[in-house]
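Protein chains: 6
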Amino acid sequence: MRPNDRLADQIRPIKMTRHYTAYAEGSVLVEFGNTKVLCNATVEENVPRWLKGQGKGWVTAEYGMLPRSTHSRMRREASSGKQGGRTLEIQRLIARSLRAVVDLEAMGEMMITVDCDVIQADGGTRTASISGASVAMADAFETLVKSGKLKHNPMKGHVAAVSVGILGQDILCDLEYVEDSAADTDMNVVMTEDGRMIEVQGTAEGEPFSRQELNVLLDVAEKGIADIVKAQKLALEN
Amino acid sequence: MRPNDRLADQIRPIKMTRHYTAYAEGSVLVEFGNTKVLCNATVEENVPRWLKGQGKGWVTAEYGMLPRSTHSRMRREASSGKQGGRTLEIQRLIARSLRAVVDLEAMGEMMITVDCDVIQADGGTRTASISGASVAMADAFETLVKSGKLKHNPMKGHVAAVSVGILGQDILCDLEYVEDSAADTDMNVVMTEDGRMIEVQGTAEGEPFSRQELNVLLDVAEKGIADIVKAQKLALEN
Amino acid sequence: MRPNDRLADQIRPIKMTRHYTAYAEGSVLVEFGNTKVLCNATVEENVPRWLKGQGKGWVTAEYGMLPRSTHSRMRREASSGKQGGRTLEIQRLIARSLRAVVDLEAMGEMMITVDCDVIQADGGTRTASISGASVAMADAFETLVKSGKLKHNPMKGHVAAVSVGILGQDILCDLEYVEDSAADTDMNVVMTEDGRMIEVQGTAEGEPFSRQELNVLLDVAEKGIADIVKAQKLALEN
Amino acid sequence: MRPNDRLADQIRPIKMTRHYTAYAEGSVLVEFGNTKVLCNATVEENVPRWLKGQGKGWVTAEYGMLPRSTHSRMRREASSGKQGGRTLEIQRLIARSLRAVVDLEAMGEMMITVDCDVIQADGGTRTASISGASVAMADAFETLVKSGKLKHNPMKGHVAAVSVGILGQDILCDLEYVEDSAADTDMNVVMTEDGRMIEVQGTAEGEPFSRQELNVLLDVAEKGIADIVKAQKLALEN
Amino acid sequence: MRPNDRLADQIRPIKMTRHYTAYAEGSVLVEFGNTKVLCNATVEENVPRWLKGQGKGWVTAEYGMLPRSTHSRMRREASSGKQGGRTLEIQRLIARSLRAVVDLEAMGEMMITVDCDVIQADGGTRTASISGASVAMADAFETLVKSGKLKHNPMKGHVAAVSVGILGQDILCDLEYVEDSAADTDMNVVMTEDGRMIEVQGTAEGEPFSRQELNVLLDVAEKGIADIVKAQKLALEN
Amino acid sequence: MRPNDRLADQIRPIKMTRHYTAYAEGSVLVEFGNTKVLCNATVEENVPRWLKGQGKGWVTAEYGMLPRSTHSRMRREASSGKQGGRTLEIQRLIARSLRAVVDLEAMGEMMITVDCDVIQADGGTRTASISGASVAMADAFETLVKSGKLKHNPMKGHVAAVSVGILGQDILCDLEYVEDSAADTDMNVVMTEDGRMIEVQGTAEGEPFSRQELNVLLDVAEKGIADIVKAQKLALEN
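Protein chains in written order, with the working numbering: chain A, 724 to 961; chain B, 724 to 961; chain C, 724 to 961; chain D, 724 to 961; chain E, 724 to 961; chain F, 724 to 961.
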C-alpha cells in the first residue's frame, strides 16, 4: 500500500498557484503532494551572444534547491562555488523540455529564463519543475502578447513530466521520496500535451529492466501526464 | 506621502508564518509588506572544527536571493561560482545578530544554521531576515528542549532589526525599495528586545549626516523594533 | 544512403585494442569507425570516505575530450576551470552503467576508476566509452584475481551501449557525427549482455516521437548491442 | 592604563609618508602606531563598463593583508582562490568612504583605484586605510590637475576614520590589537573633515550597548578624527 | 648500466607518427621509448585580443596528462578545477620554444595552438612535447601554404629539446622515469636545428652542480638534439 | 651606457633591512636599486600532511606583487581568483632554491614559509626575492636556535641569485626593467655561496644564444652573486 492510500498509477494531489511572486512575468508555485517548486519565468528582450542576428528566440532554465528543502540540510551551491552534476543535468533537461514546445522562430529575438527553485523536496522535483515551468512560461508569453511585443503565443502546447518506477513487484506513478529511494528502476518521462515523447530517461538502480516492464512504465506515465496536463489547463483558465 | 499612506515612523504590515516548510527544525516565512524571506533553522549535533572540544555551541547563517525575487532578474550566485560581497556581508551580519542573543555555553556542542532565502525583495531584506530568523531559531531551540537534548532554551531574548533612512527632509522607518533607492542615508539597526543595540550600520549614500539626524534615526528605529518584537512574540504564542 | 553504405541497423566497424597503455590495470582503445576513446581502468585499494567500513567496493568513471578530438578545437576543461554539464552528465552515466554489472559486495573495499578520454570524436563517444570501459574493467578485475586480491571476478557480465536515432524517415543505429547532428531524436541505450536495459535516454531534438517509434528504436538498439557484446567477448579472448 | 600610557581618547602617533613608492600617482604609507598600510592610488583614463558614456568618474578601492602582517601567518587570499567576506566588506567600505568626498561629475570619465595593502597589522587597519587613502587620492588628483587633465581637484574635503570601542568600563579611541580583541563593542566611524558622518558601523561583540554609550563613542570618535584630519593636512603641506 | 643497455649519451628510440588524428591541421604522436605524447596543432584565423590589428600572428601551446598516463593515477586537472603550477610552467615553455622558430610577422593575423597531451609518461614529457609539436606545427603551416592562406611557411627551422642529468657519477642524455627520479641534477635544453640555445633550465635536486658539469651536460644535450632533429626531418619527408 | 653609469658586470646598490616588520620570525626588506621586495619568514611547528612522521622539515615560499608595484596597475591575483602561471613558476623557484641550502633532516618536523611580496618592481624581482629570503630564513632559524627548539642552524650556507642578459652586443648583470624588457636573452642564475649552481634558467626572447655567450653570461653571474653574498653576510653581521 502506498502512502496516503494512493493507487499504483495515481499521481499526488497537484496544486498550481499562479502569480505567486509579484515581479516575474510568469510565477507559479507548483505542488505535487509535499514537493513544492517555485517556477519564475523572466522575459528579456535579447538573446545569448551566439544566437544574435538570427531572428530567433531562446528558452533556458535554471534549477536550485534551498539548502533545507530536504530532510537533512544540503550545502548551498553558491557557497561551495559550483553547481553540482545533478543540478546541471536537471536544468539542461528542463530547458530542452520547454524548448520542445516553443516555436523559437516565432518568438523573435527574445529570451525566456525559467528559474525552478525547490522550496520543499519530497521526490519528483525535476518533473514538477517541468510541469510548473510550462505554466509559468505560458504566462510570460501571454504578457508579451498583451503588451503587443508578440502577435501570438509561440507555444505549440503544454509540456508535462512525471516520474515512474519499479518498486519490488509494483510499477508506480509519481514516486515520492520514500518510494524513490527504494525503487529498482526510476524513469522520468516528458511528453507534449498530445501524448508524444520529448524525453525518456530510465535508469536501473538495482536490477536491469525488461522491454515489457518498460512498456508498463510508459503506460503508467502516459496516464499520469494526461492528469497533469488537465491541471495545467485548469490553472491557466482561472 | 509614503506608498500606502504610511506614516514616517510606521513599519509595514508584518506577517510571520511558522512551520512554512516541513523538514527544518524552525521554518518561518516572514513578510514585511512585499518583502518575503523564508528563514529555515537547521540543528546539527556537532560544531565547526575550530570549536570542537570546548563544550560550546555555534550559530551561523546563510543568505541568498532567488534570481527573480527582484524587479529584474539577478544572476544566480551558484552559477556565477561565488557569493558576492553584499551576500557575504549580510550573512555575517545575520549570524552575529543571532549569536548576540544566545548563550553559546548553554547550547553545548550543537550548531544552528539559519538559511534566509529571499522569495520577494522590496527593500529591507537583511533586517527582515534577522527578525524572522530569530523566530525560526526559537522554534529550533524549542525542538531541542522538547526532545530532551537541551534542558533550557539558551536564547536570552529576541533580536529584531529595521532599516531607517533620510529621504529628502524626512526620516523614515522600514524603507521599501522605491524609498531605499532614493534615500540619502540608509541605516540598519539591530536591537535586543529590551532596546539595547547589537549593530548600527549607517551609510550616507548622498550627503553626510549630522549627529542630530543620527539621533532621530535611532529614535525612529527603536519604535519600529518595538513593534517587530511584538509581532515576534505574537507569532510564537500561536 | 548512409556514409560508407552502412545499413540503417548496422553498427560501424569496431576495434578494441587491449593493453594500449602500459601502466593501467586495464587499458583499451575502443574504436567505432572514426570515434576513438582510450579507456584506462585504475585499481585502488581503498574506497571513498562515505563508503569506508561497509566492506563494499565502488566503481566510478571520468570522461574527457582532448581539445582537438573534434572538428574545431574545444576549450580545454582544465583551463576553463570546470567540467561542463555535458561532461558531468556523461561520466555519471558511464559510472552507473559499469556499477550495474558489478557485485560491489564481492569486490571488498576496493575502487575502480575508469578514465574515458576521447582521442577522436565522430559521434557516439559516450556509448563507445561504456562499451570499451566494460572491457578495461574486466581486465582490471582479472589483474586482481591473478594477484590473489580477489577470489573471483565480481562482474556479472558485460555492459554495452549504442546510440540510435530518427533521421527524417529512417531509424538508424550507431549514428556518426553528421547523422547525429541532423537527427530529430537521439537515444542512448545501455544494456547488459543478456539484453536487459540499464539506461534508456531518449531526447527529441526536433519533433516529439511516438510510442511506435520508440519501439523500433529499441529493436534496433538491441541488435546493435548484441554485435558490440560479441566484439567485447572476442577482444577478451585474444 | 592603555599601552604606552595612552589616554582613553587619544589616538596613536600617526605618520604619513607620501611618495612611498615610485610609480603610483599617489602613494602613502600610513602608520597608526604599529599598524602600517601602504595606500597606492592609480589613475586610469576610463571608467567601468556600466558607467561609460555618462560623463562621470568613479573611485574604487581594494584591500589586502600581507600573509605575515599579522601575529600568526594568514593564508594568502590569491592562493586560497578568493577574497574572504571580511576583505570584501572592508574594501567596499573604503571605496564608499572615498566616493563620499569626491564630486564624481567633476572628475569626467576617469577612474581612481586605491589599493590598501596592510604591511603590519596592530588593529584599526580599515580606518587607517581610509585615512591614508584620502591623502593618496588627493595626490593622484593633484597629478591630474598639474598635467592639465583636470581643471580643479574634485575632492570636497578629506575623509578620515577611526575605531572606537568599549573595553570594560572604558570608552577608548583608536584601539590597537590587544584592546580590539578584548572589547565588548567595536565601532568604526568615518567622517568628513567638517565633522559630518559618512559611515557608522558599531557591533556589540559581547554585551549590547546603550544609546548613552553610543553617544560617548561618537564624541570620542569626533575628537580622534579631528586629529587625523590635522595629520592629513600636515602631510599634504610638506 | 642504463635500462635497455643505452649508452650515457644515447637517446631512446624515437617514433613520430604524423596524421595520428583526423581533424587537426597537424597531428603527431611522438614516442621517446615509452613516453608517448599526442601533439595536435590547430589553426585559427584570428589572434588573441591584445594582438589584434598589429598584422602579426601568435603561437601558443597547452599541455595535459591523461590521468593514468603515469604509474599511479593522477587527479584530472579538469576535475580539480585548475591547472597546477607544473602544467602551467610546461605549457609556457613549449609555447616560447615554438615561437622562437616562427617569424610571427610573416604569419599574418593567424594563431596556432598546439595541444600536447601525454598518453604515457616515462620521463621527458616536456621535451618530447616540444620536439613533436615542432613537427605538428610544420604540418599546420604546410596546410596553410597549400590552401593559399600563406605564401611561405614562416618557420625558420626546427626546434627540438632533450633532458639531460647527473645521476651519481654519470651524465646521461634523455632520462627515463627511473633515472629522472633518482638524478641529482635535471636539465632541459631547447635548441634550434642549427645548434643555438632557446632555453636552458637546469635544477639541482640534490647537490649543486659545477661549471664543468654544466659544460658536459650541454655537450651531451647538443648531441642528443642533433639526433632528434634528424628524426624530425625524416618524419616530414615521409 | 647603462642607467646611472653602471658597468656591464656591476650589480645595483643593494640594501637589506632586517626586522622590517615586527611579527615574522625573519623579516627583510631587500632592495636592488628601485626593486624592493619584503621577505617575511614564518616558522610553524608542523609539516605538510604528506611529510608527517618522517622526522624531516620543509621550506616553502610564496610570491606576490602589490597591484601597483609596477608601472601600470596589475590586477590583484586574490581578486582574479587564482595565481597566474608566472607567479606559480617564481614561487616554486624560490622554494627550491631555499631548500637547496637547508639540511631538512636536521630541521626536524618544522616548516618555514617565506613570503616574498614585491613592493616596487624594477626588474629582477625573483632573484631579489631569493637573495633576501635567504637572509630572512637565516634569521628565522636563529630564532629557533635561540629559543632552544633547534640545536644548530641547519643552513649549509647562503643562496643568492641574479639575472643576467644579452642586450644588443652587451652582456649585462642585474638587469633593471628597461634593460630586461629590451633584452634578447634573459637568464636567472641561482648559486650557493661557494659558487656552485642550484638553478640556471636562460631564455632567448629574441635571437637564440650560443655556447660562448652562455659562458660569458655565467661568468658575469658568478661575479654578481659573489657581491650579493657579501651583502647578505654584512646584513647578518649588523
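Because the hints were derived from the structure by calculation, they are not lab data.
One thing to keep in mind: the hints can contain errors.
[Stated by the list, open to error] Dumping the calculated DSS-like pairs for lysine-lysine here, alpha-carbon to alpha-carbon at most 25 Å:
{"hint": "1", "chain 1": "D", "residue 1": "779", "chain 2": "C", "residue 2": "805"}
{"hint": "2", "chain 1": "C", "residue 1": "805", "chain 2": "F", "residue 2": "874"}
{"hint": "3", "chain 1": "F", "residue 1": "874", "chain 2": "F", "residue 2": "738"}
{"hint": "4", "chain 1": "B", "residue 1": "805", "chain 2": "D", "residue 2": "805"}
{"hint": "5", "chain 1": "C", "residue 1": "738", "chain 2": "E", "residue 2": "738"}
{"hint": "6", "chain 1": "B", "residue 1": "805", "chain 2": "F", "residue 2": "805"}
{"hint": "7", "chain 1": "C", "residue 1": "805", "chain 2": "E", "residue 2": "738"}
{"hint": "8", "chain 1": "E", "residue 1": "738", "chain 2": "D", "residue 2": "805"}
{"hint": "9", "chain 1": "C", "residue 1": "775", "chain 2": "F", "residue 2": "779"}
{"hint": "10", "chain 1": "B", "residue 1": "805", "chain 2": "E", "residue 2": "738"}
{"hint": "11", "chain 1": "F", "residue 1": "805", "chain 2": "D", "residue 2": "805"}
{"hint": "12", "chain 1": "B", "residue 1": "775", "chain 2": "C", "residue 2": "805"}
{"hint": "13", "chain 1": "A", "residue 1": "805", "chain 2": "D", "residue 2": "874"}
{"hint": "14", "chain 1": "E", "residue 1": "956", "chain 2": "A", "residue 2": "805"}
{"hint": "15", "chain 1": "E", "residue 1": "805", "chain 2": "F", "residue 2": "805"}
{"hint": "16", "chain 1": "F", "residue 1": "805", "chain 2": "F", "residue 2": "738"}
Fair warning: this is a prediction, and the values are worked out from it, not measured in the lab.
Each hint, compared with the structure:
Pair hint residue 779 of chain D plus residue 805 of chain C does not hold up; C-alpha atoms about 38 Å apart against a cutoff of 25 Å. Restraint check for residue 805 of chain C and residue 874 of chain F: not satisfied, since their Cα atoms lie roughly 48 Å apart, outside the 25 Å limit. A C-alpha spacing of about 30 Å is found between residue 874 of chain F and residue 738 of chain F, which places the hinted pair above 25 Å, so the restraint is violated. Distance restraint check for residue 805 of chain B and residue 805 of chain D: the Cα-Cα separation of roughly 9 Å lies within the 25 Å cut-off, and the hinted pair is therefore satisfied.
A distance of roughly 23 Å separates the Cα atoms of residue 738 of chain C and residue 738 of chain E; the hinted pair therefore holds under the 25 Å criterion. Proposed proximity of residue 805 of chain B and residue 805 of chain F is supported: the alpha carbons are some 14 Å apart, at most 25 Å. Note on residue 805 of chain C and residue 738 of chain E: the hinted pairing is violated, with a Cα-Cα distance of about 34 Å set against a maximum of 25 Å. A threshold of 25 Å between alpha carbons decides the hint, and for residue 738 of chain E with residue 805 of chain D the separation of about 45 Å lies outside it, so the pair is violated.
About 31 Å separates the Cα atoms of residue 775 of chain C and residue 779 of chain F, which puts this hinted pair outside 25 Å; it is violated. Taking the CA atoms of residue 805 of chain B and residue 738 of chain E, the gap is about 47 Å. The hint is violated against a cut of 25 Å. A distance of roughly 8 Å separates the Cα atoms of residue 805 of chain F and residue 805 of chain D; the hinted pair therefore holds under the 25 Å criterion. Taking the CA atoms of residue 775 of chain B and residue 805 of chain C, the gap is about 33 Å. The hint is violated against a cut of 25 Å.
The suggested pairing of residue 805 of chain A with residue 874 of chain D is violated, with an alpha-carbon distance near 48 Å, which exceeds 25 Å. Distance hint between residue 956 of chain E and residue 805 of chain A is unfulfilled; the C-alpha atoms sit about 48 Å from each other, more than 25 Å. For the suggested pair residue 805 of chain E and residue 805 of chain F, the alpha carbons sit about 9 Å apart, so the restraint of at most 25 Å is met. This hinted pair does not check out: residue 805 of chain F and residue 738 of chain F have alpha carbons roughly 32 Å apart, beyond 25 Å.
Checked against the numbered hints given earlier, the structure breaks hints 1, 2, 3, 7, 8, 9, 10, 12, 13, 14 and 16 and satisfies all the rest.
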